Amino acid sequence: MHGRVKVKTTAQQEEEKKKEREKKLKVYVAARDACFSKRKDGVLDDEALQLTQQLLSANPDFATLWNYRREILTHLETVKDEDEAQKIYEAELSFLESCLKVNPKSYGSWHHRGWVSARLPRPDWARELSLCDRCLSLDDRNFHCWDYRRMVVKMSGVPVKQELEFTDRLIGSNFSNYSSWHYRSTLLPLLHPGSPEPPPSRCGGDPPHSCSPPSPQAHFHRVCEEQLLKEYELVQNAFFTDPNDQSAWFYYRWLLGRAEREEVISCAYVSREQERVAVAFSRPVNAQSGGLLLVLDGQPQRAEWRSVHPHFKHSPVWICDLPPGTISDVANEHNLTVHWTEKHTHRDCALYTGRSESWCRDTATDLELFRSELSVEKTSVLQSELQSVNQLQELEPLNKWCLLTIILLMRALDPLGYEKETLAHFQTLKEVDSVRSAYYSDLCSKFMIENTILKMEYAEVRVFSISDRNLTTLCHLDQLLLVTHINLSSNQLRRLPPQFAMLQCLEVVEADNNSIENLEGVYHLPKLEEVSLKNNKISTLADLQPLASCPKLRRLDLRGNPVTQTANVESELAELLPSVADLLL
Amino acid sequence: MATEDLPSDFDIVILGTGLAESVVAAACSRVGQRVLHLDRRSYYAANWASFTFNGLLTWIQEQNEEPKPEEVRDWSGLTEEGEELIHLSQADSASITNLQVFSYASEEEEEEEAANTTEEEKAADEEVVKESSETESADSKEEEEEKEGAGEEEEQANQAEGEEPEADQPHPSSPGQSEPSREKISYAQLVKEGRRFNIDLVSKLMFSRGSLVDLLIKSNVSRYAEFKNVTRILTYRHGNIEQVPCSRADVFASRQLSVVEKRKLMRFLTSCVEETEEQTAYHGRPYLEFLRDQQLGDNLQHFLLHSIAMVAEDTPTEEGLASTRHFLRSLGRYGNTPFLFPVYGLGEIPQCFCRMSAVFGGIYCLRHSVHCLIVDRDANRCKAVIDSRGQRISCSHVVMETSYLDRSKVATPPRFLSRAVLITDSSVLPSESNQQISMVTVPPEGGSPAVKMVELSSSSMTCIPGTYLVHLTCRSVGSAHQDLSPLVTRMFRTTESQEEDRRPSVLWSLYFNMADGMASQVEGQPLPSNVHICHGPDSALGHEDAVQQVRHLGSPGPHRWYCVKGYHGLQLFFFCCFQAASIFQRILPEEEFCPPAPNPEDIVYDGDNSSTGEDRGDMGQDDGQNPEQNQNQENPDPEQNQNQENRNQNQENPDPEQNQNQENRNQNQENPDQEQNQNQGNPELQRVGPEESPSSS
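In the order they appear, the protein sequences are chains A and B.
For what it's worth, UniProt numbering labels the leading residue of the first sequence as 1, then goes sequentially.
For what it's worth, UniProt numbering labels the leading residue of the second sequence as 1, then goes sequentially.
Source of the hints: derived by calculation from the structure; they are not laboratory data.
The model shown is predicted, which means the values in this text are computed figures rather than measured ones.
Don't be surprised by glycine CBs; every beta carbon is placed ideally from N, CA and C.
It is possible that some hints are incorrect.
To be verified - If you anchor each label on the Cβ, the simulated ranges turn out as follows:
| # | chain 1 | residue 1 | chain 2 | residue 2 | range |
| --- | --- | --- | --- | --- | --- |
| 1 | A | N390 | B | N240 | 30 to 36 Å |
| 2 | B | E313 | A | K230 | 35 to 41 Å |
| 3 | A | V29 | B | I217 | 50 to 56 Å |
| 4 | B | T495 | A | S94 | 51 to 57 Å |
| 5 | A | E97 | B | G466 | 31 to 37 Å |
| 6 | A | K230 | B | E432 | 16 to 22 Å |
| 7 | A | K230 | B | I217 | 39 to 45 Å |
| 8 | A | S156 | B | E289 | 55 to 61 Å |
| 9 | B | D298 | A | E97 | 24 to 30 Å |
| 10 | A | Q50 | B | G466 | 45 to 51 Å |
| 11 | A | E97 | B | E289 | 21 to 27 Å |
| 12 | A | T10 | B | R333 | 24 to 30 Å |
Please take these sequences and the hints and turn them into a complete structure.
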C-alpha cells in the first residue's frame, strides 16, 4: 500500500546486528590483547588505564583487568601527590558507577569500589552511603551492595540508630528481605542491649559431688525486653500479612531464640573400675589440642584425651585412661579437677572411699538445655506470642511456618505439658509439607528424646527408655553419659550412630523392632554386657564388627535379622565375639 | 497566518484532537493512510486538554464568551451534481456548563499583574461576591445575574433550577483583605508561576494493565511520555482520610488494621483472583453481601467495596469481583498501587498519539475546522469536506468528535460529569514525603454520588512546589458546585479558621460540569456510512447500549466489560481505546490496529531499499536531527520509564530529560497564535520521502 513506512525485515536487522557484533568483538579482542601485553611488559601508564577502562565498561566482570588497574593505581599513587591521587580515585569512583549500571551485581566492580574507597585520601562516605541507598532502592536484595554498605557504615561510623531506621524503611517497602531482617538482628543488640540475668546453676547428681563455679550465659546477643515487644509486633505484622514468607519467620525465631550456651564442662565422670575419666562439654570441642588438663589429688596428670569415636575431631565427650593402679583402691578417696583452659573453666569431682564411680554435673533441667533454641523471656511474653500465633493458625490451619512456630513456642513454655499437641502438630506438618516429612520426623525425634531426658532427670534414674515413639534419629547422646540402660525398641531407627559411643556407662541396650543396619556407635563401650537387636536389618557379619570392641559383651540377641541366614554364622560370630556367651539367632 | 492551502485529497479527515480521535489518527497514519487532523480549538486534546494556570484562566474566559453566531455561507459553488451538504457545528457550546471560580488566595500584588489576568480575576471576584450573597436572598441573586452578562446566562439558568445552596456554603474572605501572612501562596504567585501548572479538564488515572497502557506499549507511543505511579490510595471515611492498604507492603505497614484483619484482607485478595464455586453462588446478589459473608469486618468491607472494587453497594458480586481482580492485576506492575498518571498531565496522552500520527505523515491544523460534509446522495457516502477556509478536500472517511455534529442532530446529553479543580496548600493526608500522588475514594453518602478525587503533588509536574492540585469528579446530580462543594468544605479549609484546623486550605477552585460524551445520542437521519463519531470524555459505561456494542463486536468479552463498568468517570480509558479500535476496524478492516512503531533506525527511506546500512548512516545517526531516536533511547516503554524515573528520583541532579520535555511542552503551548500548525514540530516528516509524503503529491 502506498504511503506506508518501509521497515527493514528481520533478516536485514539480524544481518546488521551480526555485523555490529563482529565489529565490536574485534575492537574488544584487540584492546584486550593490548592490555595483556602491556601488563606483561610491566607498563603502568595512563594509556593502560584508558584501555582497561574501555574494556571494563563493556564487561565489568573481568577480574584480571581490575587487578591490572589496581597495579597501575598503586603505582600512580606513589608518583603523584595527594591531591592528584584524590582526583584519580574520584574519577575511578564515577567510572565504577557506570560499571555498576552495566551490571549492578558485578563482583569485580563492588570489590574494586571497596578497594578505592579504602585508599581514597579524603573519602566522601556520605556519597557512598547514598549510592548504596540508591542501589538498594532499585534492588533491595543486592547482597554485593549490602556488603559494601556494611563496609561504608563501619568506616564512616554511621550511628546504629540511623542504620536501624534504614532497615525499617526497607522492611516497610518489602518485608521479604532476609538482608534487612538480618541486618536488624545485628543492630538491635547494639542499640538495645538486654540486661544480664542471674545465671542459673545448681548442683545435682546422686553421689557426693562438688559444685562448679557458675557458668554465665552469654548476654551480648540479647535485646532488652521493651524493644523485643516492639519487634514481636513488627514481625507479627509481617507474618500475618504473608504467612508464607519465610524471612519474617526466621527473624521471629531469632527474636525468640537465645544465645548459644557458653562452652563449659557440663559433666565430669570418673570410674574406679575402668580407671577412666570422662568429660562432657556443653558444645563439641577439640580437647586433643592440650587445653584439657586433669588434676588428681593436686597432681597434674599427663592424660591422653581421646574422643569416644575416631570419627570425631570435635566432640562433646572426651575420655582418658589413668595409669593402672592410680585410683583402683576402693579404700582411697580421690579429688579430681578437670580444667578447660581454653575457656578458663573447670569442674571438680570427688571419688569417695567405697565408691566405684562418681560424677559432677549440671542437670538438664537446670540449664533448660533443650530450650536453647527459644527464649528465656518471661513466660507471659511467650504465652501471648503463642496466643497470637495460634490465632493465625486458626486462620491458616495448614501453614507450615505457623505450625512449626507453635511447636517451638510450646516447647519453650512447657515441653512435657504440650507433648500431645506437639505430636499432633507434627502430624499435620508432615501432611501439609510432605516433601520435608523426614525433616519433621527427625525434629520430632529430637523433641521426644529431650522430653524423655527431662523425665529421666526428674525421676533421677539412669535408665533411658523411649520405645514406640517413631524415632528416626538419635541425638543429645552426650546428655546420656551416665545412662546404664537404654531402651530404643519399636522405633524407626536405622543405625546406632558413632555418637552412641558417648554412653560410657551403658550396660544394656535394647533396640528391638527397628530397622537398624549399622552399629558403628557400639564402640569401645567398657561396661556393655547385653545387646538386644531383635527384628532389625543387620545383614552381614561385618556390620557386627564394632561389637568386638566392647570387652564385656556377653549376651547378644540377633533374632529376626538377615545376618542369621549367613552360612556358618554361629562359628563366625564365636570367632568375632569371643566374649559373648549367650547368642540368640 | 499561513496562506498555504492544504492538499486537497486525503484518505481520512479527523475532527477534534481528543483521545479517541487521536488514537484513530495514529492508527491510520501508522498503516500509511493520509490523515488530515483538525481541531477548531487553539489547543490539542479537546476536553482532554491540560492547561497552565494562565491557560486555564483564558479557557474559562472563552467558555464564558457567547459563541459567535454561525455564519451561513453558500457552498453550493463547490458541490457537484448529486451531492448534498451536511453542515457541522462551529462551536462546542454544550459540553462545558456551570463554570464557577473561587479564589481564596491572598490578593496582594494583584495590581501588578498583567491586564488579562486582572480582568479574569475581577470576574472571579464578582463570582465570589455573588456566591456569598446567594444565601441572603434569591432576589438579589437574580439582580446580580443580570449584571453578569449574557455569557453566563446558561450557567445561571442551571443554578436557578438547582436547590437553594446549603448552609455550609463557602464564605471566602472578601477580596482585597489581606490575610495574616503565614507564608501562604498568593494569587499573584499562582499567576506568576502559572506555567508550571498542568491542569487537566478530565481527571482520570490509568490502570497499569488497562487497555490504554497496553495500547501505549504495543504501539510504542509510550516513548513520547513519562509516567508516575500513583503512590497511595486513600479513602474518606467517618470524616477522616485513611490510607487504603492494597499492596502487600501497605498491609504490612498499616496501623489501622489488626493483624487478624491483615490476614483476612490478604487472604481475601489472594483468593478472589480465581473464581470459586463459593463466588458463583453469589452471582446476581450484591457484592456487599458477599463481602459481609466473608466475615471481613466493617473496615475491610469499606476498603474492598469503595476503594478497591470501587463499586456501589448494590453492584452484583460478579461485577464487584471482576473489578477487584482488575485492580489486583494492575497492582505491582509499576509500584504499590495499580494506577499510572502521565507526568505533565493527562493532556499529554492525546498529544502523544497525535505526534505518532505526525511522525507517520499525518497533517495537523489547529484553529481549523470543517464547515460541512459533501455527501454523495446516491451512495450516501461522504466524498469530501469543505474546510473553514472554503477549500474542498476529498476524503474517503471522516472521523469526528460528537461536538462537531450540528447540535440540532444531537439529543441533549442526558448525563453530565461534575468536576471541581482545587489548588490547595497541603495534602489531605500529610506524610513523610510531600511528593505523593494520591487517589481518594469518597463513597456515596445520603444521596450524594460517589466522588473520585485525585490529589497531585508537584512531582507530577502539574503544580508548583508547595501546592497540590486536587481533581474531584462525580456523576452530576445538580451543578458541579452543588454536587461537590459540600464535600470540599468538609475536607478543606475555605474560610479563615482557627489554627488548630489542620485541613488543607483551598487557594483557588474551579467548578464545572462536562458533558458525559458517552451519553450523547445521534438523532435524525443516519449519517453517511463513512462518517464515524467519537464520543468525548466519558463517565460511566452504565448503559446497555455500550455493553451490547462491546458484546456485539465480540473482541472484549463480557468479562472484560465488567472490569470497566465499576470505574465511574475516573479510569475509563477502555472505551476510548475500544472506540478508536472499532472505528479503525470499520475504516480499514484488513489492517492491524496500532502495530508497534519501528525504531527510527529500522525505517528504510526512499531510495534506500537496496543500499546497505552504511549508505544510510549519515541520516540515521544524526542525532540532532532526530528527536525520535533520542526519545527512543530514553523511553522505550512505560515500564522502563518507571525505572528511569526511579533512578531519576534518586539522583540529586534534576533530570535534564524532564526539563527538556518541559521546554518542548511550553513551546507547544506558547504558539497558539500560529494559526496553522502544519507538521507541527516534526522534523521526521521531512525525512519521509517525497513519494510517501502526501503534502507533495
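Right, here's what the structure says about each hint:
The hinted range of 30 to 36 Å is satisfied by N390 (chain A) and N240 (chain B), whose Cβ atoms lie roughly 33 Å apart. In this structure the supplied range 35 to 41 Å holds for E313 (chain B) paired with K230 (chain A), their Cβ-Cβ distance being about 39 Å. Taken as a hint, the range 50 to 56 Å is violated for the pair V29 (chain A) and I217 (chain B), whose Cβ atoms sit roughly 38 Å apart. Restraint check, T495 (chain B) to S94 (chain A): a C-beta distance of roughly 54 Å satisfies the suggested window 51 to 57 Å.
Restraint check, E97 (chain A) to G466 (chain B): a C-beta distance of roughly 33 Å satisfies the suggested window 31 to 37 Å. The hinted range of 16 to 22 Å is satisfied by K230 (chain A) and E432 (chain B), whose Cβ atoms lie roughly 19 Å apart. The hinted window of 39 to 45 Å between K230 (chain A) and I217 (chain B) holds, with their beta carbons roughly 44 Å apart. Take S156 (chain A) and E289 (chain B): their Cβ atoms lie about 59 Å apart, and the range 55 to 61 Å holds.
Distance hint for D298 (chain B) and E97 (chain A): a CB-CB separation of about 51 Å, inconsistent with the stated range 24 to 30 Å. Between Q50 (chain A) and G466 (chain B), the C-beta spacing of about 48 Å keeps the proposed range 45 to 51 Å intact. Checked against the hint of 21 to 27 Å, the C-beta distance between E97 (chain A) and E289 (chain B) comes to roughly 57 Å, which is inconsistent with it. Taking 24 to 30 Å as the suggested C-beta distance range, the pair T10 (chain A) and R333 (chain B) conforms, at roughly 28 Å.
Against the hints set out earlier in the document, violations occur for numbers 3, 9, 11.
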